[in-house]
Amino acid sequence: MQNDTEKVYRKLREKYTDEEIVDSVLFNEELSAKEQREVDEEFRKIRLERLSSMTAKDKLIGDMMQMKILIKKYFRQELYDEQYSFANQLKRYIKLTNRSNKEIAENLDIHPTKLSRIINGRDNPNIELMYRLEKHSDGQLPAHYWWRLHARELEYQIRTDLEKKLNEAGKVTDYLEIRG
Amino acid sequence: MPLKDRKIGESLESVIEGVIDSDYKLIKASKEFDFDWKLEKQHEVYKIYLLESEQDILGLMSLIDHPEEYRIHLNLIELGNKNKGSSKETDNIAGCLLAFACELAYERGYYGFVSLQPKSQLTDLYQSYYGFRQYGRLLAVEQESAQRLINKYL
Chain A
1 MQNDTEKVYR
11 KLREKYTDEE
21 IVDSVLFNEE
31 LSAKEQREVD
41 EEFRKIRLER
51 LSSMTAKDKL
61 IGDMMQMKIL
71 IKKYFRQELY
81 DEQYSFANQL
91 KRYIKLTNRS
101 NKEIAENLDI
111 HPTKLSRIIN
121 GRDNPNIELM
131 YRLEKHSDGQ
141 LPAHYWWRLH
151 ARELEYQIRT
161 DLEKKLNEAG
171 KVTDYLEIRG
Chain B
1 MPLKDRKIGE
11 SLESVIEGVI
21 DSDYKLIKAS
31 KEFDFDWKLE
41 KQHEVYKIYL
51 LESEQDILGL
61 MSLIDHPEEY
71 RIHLNLIELG
81 NKNKGSSKET
91 DNIAGCLLAF
101 ACELAYERGY
111 YGFVSLQPKS
121 QLTDLYQSYY
131 GFRQYGRLLA
141 VEQESAQRLI
151 NKYL
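Residue numbers (the working numbering), protein chains in the order written: chain A, 1 to 180; chain B, 1 to 154.
To be clear, the hints were calculated from the coordinates, so they are not data collected in a lab. All the given hints hold, so there is nothing to weed out.
For the chain A half of the interface with chain B, some residues (derived, Cβ under 10 Å), not all of them: (1) Asp-4; (2) Asn-28; (3) Glu-35; (4) Glu-42; (5) Lys-59; (6) Asp-63.
Idealized CB from N, CA, C, for every residue including glycine.
My request is simple: use the sequences and hints to build the entire structure.
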């Protein structure tokens, strides 16, 4: 923690206007220990009141934004992570909405059995479902996010399913021998 | 709105990541910063730099996590001297750092809540520049204002 922010502020003020300082420095005002305790106490009370007065809608907006940010972060990393499979993210989405699978199937105009198969990873989602999920989340989780989650999973499966790879290779005849 | 070169108006690709021990020497040697950043070592400290110029730290940010209050406290943001004042080289650095703090506050389940205890004299300016709102003696961004910063800068 800085111990003389006022001194640094005065130094900055010799060269810059307050507008220029705000544009380049965000710092905390130093208070005496007693003042700081009072400020912290007052703020804590306000913060806890704010948290307890949040509506279900406020929480849903926040939770959805959290989901979106975590998915964006996952896209920035290279490795596949099971937690971010299409099925697991869809499960997470449904949980956030606080609706049943049956309700969500109705909302998305998809057969409940089909939804259940997708959630359990036994069926693949199609692009139509991704567009519907975008609409259902009011645009917060765009169709292309769902597509990328699915595409990354497919790429992982293609790379790692050696049994299938060998099996399918065995069905190919007269292949091009171009690698020397 | 990512970082922008003020002379040629081009967008610049940047990286924000945690400061490591060896950075503190660089920070001090650069003479770009007026605050003593070694004192922030106990907190979460992040640096921002241009993708093609990792050694040149453009700005720093120190955060304190308050999980019991569902918030991240913005302890300090400071840009290097090259980016202070009217002759600054790059736009949007502080906004990008603040938006990154908001993202962290969402990731941690705090609904984007980031607080600041500003010098009283600067309170109005912080509010108009970054969309902070008053919460007692502190300022904070959350939900809509936090999302606005993320959408604008990241």
